[in-house]
Amino acid sequence: MRDDNQTRRLIKEAEQAMLQQYTRRHFLKDGAMGFGALALGSLLGNCWGNSGSKKLFDAANPLAARPPMFPGKAKSVIYLHMAGAPSQLELFSYKPELAKLDGLDCPPSLLEGKKFAFIRGVPKMLGPQAVFKQRGESGLWLSDNLPHLATVADDIAMLNAVTTEQFNHAPAQLLMHTGSARLGRPSIGSWVTYGMGTENNNLPGFVVLTSGGNNPDAGKSVWGSGFLPSVYQGVQCRSEGDPVLFIKDPKGMDRDLRKASIDAINKVNQEQYSEYNDPETLSRIAQYEMAYKMQISVPDVMNINDEPQYIHEMYGTQPGKTSFANNVLLARKLVEKGVRFVQLFDWGWDTHGDSAGNAVDIGLINKCRKVDRPITALLLDLKQRGLLDETLVIWGTEFGRTPMQENREGKKMPFKGRDHHAAAFNMWMAGGGIKGGTSYGVTDEIGYNIVSGKTEAYDIQATILNQLGFDHEKLTYESQGRNFRLTDLSGKVIKDILA
Amino acid sequence: MHFLSSKKLFIGVALLLGVIAYVVFHKPLEKIDYSSQVKPILNKNCIACHGGVKQKGGFSVLFREDAMANTKSGKPAIIPGSPETSEFIKRITSKDPEERMPYKHTPLSKEDIQILTQWIKEGAQWGQHWAYTEIKSEKIPDYSSSWIKNEVDQFVYQKLKQEHLSPSDEADKSTLMRRVSLDLTGLPPTQLVAKRFLADDSPKAYENLVDDLLASPSYGERWTSLWLDLARYADTKGYEKDGSRNIWKYRDWLIRAFNADKPYNEFIKEQIAGDLMPNPDDAKYIATSFNRNTMTNDEGGTDDEEFRTAAVMDRTNTTWSALMGTTFNCVQCHSHPYDPFKHDEYYKFLSFFNNSRDEDVDLEYPLLRQYNSVDSLKLNTLVDWIKTNASPEEGKKYYTFLKTWQPTINSLQGDKYINGALLGCTAGLRNLGSFRLKNVVLDQKEQLMLRYNARLNTGNVYIYLDSLKGKLIKTVALKSNQTPFWKLQTIDLPAISGTHNLYFKFHNQAIPALDETTGVRFDWFAFGTKFPGKGKPGYDDAMKSFSELMEAPVETIPVMVENNKDQFRTSHVFERGNRLVEGAVVTPDVPHILNPMPADAPKNRLGMAMWLTDEKNPLVARTMVNRLWEQLFGYGIAETLEDLGSQGIPPTHRALLDHLSWKFMHDYQWSLKKVLKEIVLSATYRQESKVTDGLLKKDPMNKFFARGPRVRLSAEQIRDQSLAVSNVLSSKMYGKSVMPYQPEGIWRSPYSGDVWKKSQGEDQFRRAVYTYWKRTAPYPSMITFDGGAREVCITRRIRTDTPLQALTTLNDSTYLVMARYFASRINEVGGVEVNQQIAKGYELMMYKPISKARLNALMELYNTSYTKFRNDAKASALMAGQLEKPDKPKAASMVMVASAMLNLDEWLNKN
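Line by line, the protein sequences give chains A and B. Quick note on numbering: the numbering used here labels position 151 of the first sequence as 151, and the sequence is numbered without any gaps. Quick note on numbering: the numbering used here labels position 6 of the second sequence as 1006, and the sequence is numbered without any gaps.
So here's chain A without its partners, still in its complex pose (with noise of 0.2 Å):
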């Protein structure tokens, strides 16, 4: 168009005049504390240095793409989390002991000071609902719902032991992802953005998908951005309707006129800016063509009809369906485009008995068919890309599920089913320099309780940013007079597992 040259040259305008501000600021603050580093220096290079949290973040500019602390194995995440807290018992931890007790009375020792959601008086226990066989060189137990996993098992690290302290859907579900289990704080993928801003400005650096027919129990919160500036939340993206609100033109509009609408924009916002010399609207005429291009950007990789059949196949994916398949090819798409931090919600995992669909023996195995495909399928297809390494997996839930049968309210149930159960339970990773075919943390015979290597939400919340290159207790904000970080006072790196 003839109006390329003039919006390329505003564009370029607007960024050096932000540079021009960014750098003034900084010159400033840091002069005005004695010449201390030379401003330059920390804008050039990474700017961690104590005073840190605050000079991440620049209005003008809030996603620039910024190196990490160190430099990571991983360049981008996407988390899988599978909302409601699947069995593990059903899928991963394999435990002979247990079907031994099935059917006797749960002994008063696991009960005494405990406190369920729905068990009431005395459960019976309730043997594992699957066959479990070692699989691949690692020899990794994987039960038989998990048949297409069971192939890549040699590139998974399996974390046994993980365990916290919430056993309701919601706390758990935010103490995972936002390391409290309140709401009010940033998400992990709200932390990376800040931290690292994002690759591809046409795109959203921190992406959210949901199946299952349900946001996940703590709703939005769980991509939330907190205390951080909003622009940090995640943005989400839809399979149905506008794959971004509002990123559709009306009805009647075709590409042309949404052109000269936004350069009609421009042009009186270059006016503007010639009589009040404001920064902030450069900025925003930066901010209207960004829209423009994210118009084409977001729905062309949100948009899997061109994949090739074999890809469809592999991932099983429907195009124009909310799927979970879908989602995770989309996830791929998504990081193969630079998107900094995915994160996929499945919901529909509380598999408590109260109907077949709830049923461990039942239900659980109708969603793991709808998941085992596109989640093995992701791995080989980021693996044949060569982006599996730079790519952080991660499969997750915020809670197991105990070994006794759920009897609510003293009543048998009608299906097998277990209830929520927070002190041990299973997640896995792979990629982004997780070494694939380790075990890392032990339970008891019947797990109920931890032997060893006890993993924390935080723990894996470190894990994850110190892949992609951050300490975790140097990644903080400064909210309410207080430095926080997601990992709040806690967290460990799980080295372990690490490549």
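Hints are computed from structural coordinates only; laboratory data are not their basis. It cannot be assumed that every hint is accurate.
Said to hold, decoys possible - Straight-line alpha carbon distances no greater than 30 Å define the calculated DSSO-like cross-link-like pairs of lysine-lysine that follow:
(1) K1416(B) - K115(A)
(2) K1445(B) - K1378(B)
(3) K1445(B) - K411(A)
(4) K1262(B) - K492(A)
Put chain B on the given structure of chain A with help from the hints.
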């Protein structure tokens, strides 16, 4: 970029050090000031290891008494008057890296060491941080300049001179009018107000405009939007299914309070403790909903005490951050790392809030029960009767009970269930099931009122004393299962003294013992005395009124009600902030470094509110004045609204902040409108916001006010002004929150049948302050333009500029609809020619003629659009939308222009 070359820099630094050395060593020294000279050095270099959190080597510099105390070495590190013998000085000057402090960090500069040395020599006195000292009347700087219009300008002018800056001219009338109108009312001026002002050349014209705006009902709506962030107001409860909460009357209370210019001290007092004021009316109760905006957790199996405690902590933190600009959260776990607040002081303050009746129950008790007018009259008659025939105290007691159903004991306090369970917040029992109600004070309790529903129609409840095998004190025959579902029943109790556990057992002989149906569910229990005035004329009628009023249809809203003495909770310090590790018992009190409680203040929430609003409180007025300034100028005088403490960004004009705060309390008697008026009448505020390159370099963020504020509008202002200029803004005030258009699929909470049900008619076009606020899925455009989820108090919105904002105002259907109405309006009033219409549209927005360049750009858009639409009937119809238009292509083209205009930078900003 032409910064100093490193060589020049070196010479510069050397010279500077030389000058400092000269000044330090040769000039008679002025006494060192702790707050401005010493504290910053300690905060930066020492306090991380020797402060409120860590005290390495047994040494802390947070409080003087700690710094003077013996360290681990057995002697004090600071000897007042004797720097030579002070270990503190030895360590910071040591050459041995193992000895030298700060350990493994850059050594202190010579001048810092000199300051600390001299400070110890002068006796090492700790001073008070400015924000914690009483607000004094400031001396007004005496400058004469034709620019200066009022006292605000004197302070600003002084600073400008110091910074070698000069003020800007006054903004043109149109720009200033739009700015002040958006600032004071959140809306552009109405055409009437605008016309009057623009035509008025008298010296009082601007002041008259300001008075008009302050008197407009829109004023209250605009400032309520701000307060809702602080009050963490939402229409839902927060966790998991995030169900609805009926609390919008609190929002209406705020609008009325702001419009009535309720003095800020009263405004706060009623919100903190309206229920404890003498004879509280509904409005005073509703004011206390401020603190019922905390979240409640209905999720099955959650520990209600955990979330009750979380709410109490939230109230404590909100009081400090919203009302006192102080970060108190960190004192939950340890003494404040930088500021002089001690760990136990957090819990002393928390205990002011720890005795309210709310317990995280899903029915949100206690609720204010609002009767219809007939029943309200009945209530007054009844209370009068009790006052006359029993006593005024009894009258008051019954009034409170009927209005709040308090004091009652929630089933939540039951335990030891056999064949039963806590279901939500009700106690459910199956046949032969039982539970225990703990620690019931039975002294002078003549009767028990229970609220329950008997699902099996019949059955008895047996009440045993102290154990299931204990004395049977009462058998209650349950009422049938007819409407109303929930029954109230009052039974007489035998005289029993002392505190006892009561066991409630349900039995229905008609059904098998093992039946699994829940037979009865209890809601609450009220132990009390018999209805008073027996034998007095009208007794039967009064009794009847009482029963009817207990079950009358009411509207409810969660409010604060205090525990009575039977239910008193003891408060403890939580060790390291963990509520499960209780430390010392504490009683309500305020931190020792601030003003003491007023002599006549009781040690409860009301007393605390009196302390907050005492003129000696150093924080409350400063925090609010700073916030008002931020709303007008984009940044506070102290930028960190949430932290005026020693770690906050220091104020640029401390004396001005104090001066306005003093006037706010004394001259203006806490009137917000008067402070706002003083600020907006200043020459400082009225300046034009154009900026030169030179000024931009010297003062990029406009901290010295050499120009007027140019700030992007808030989410609410952007929506409201676009509705206004499109001529569809509803003027309807108050009422239930509304649901304007929102795309499908925003609400997807689990276990919740709640849906976004689009409001009808003018409710589509209400001001943003009335939009339904769901915490886990807030209204998209509010969030995109920097609103928060309001899970906790939001002390400041941080402005960002993102492409998602552009997409919202370009493509959100709400904005498209507005663009259509706007296009239609300018088509009607703008004359015949397209360029006239566009010019008129611009005038409606900006109140001034359009420039040629702007008109050209917009005309070009019109022409491009028309070329396209002229040959595309379908696209024209889609774009022109619902409105009847003879010429769809023209209408569609004007919608394109109108939409672009609603996206202009000058429209999204106040200029």
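Structure-based check of all given hints:
1. In summary, the hint linking K1416(B) to K115(A) is supported, as the alpha carbons are separated by about 13 Å, within the 30 Å threshold.
2. Distance check on the hinted pair: K1445(B) and K1378(B) sit about 27 Å apart at the alpha-carbon level, within 30 Å; holds.
3. Proposed proximity of K1445(B) and K411(A) is contradicted: the alpha carbons are some 38 Å apart, above 30 Å.
4. Using a Cα cut-off of 30 Å, the hinted pair K1262(B) and K492(A) is violated, with the two alpha carbons roughly 53 Å apart.
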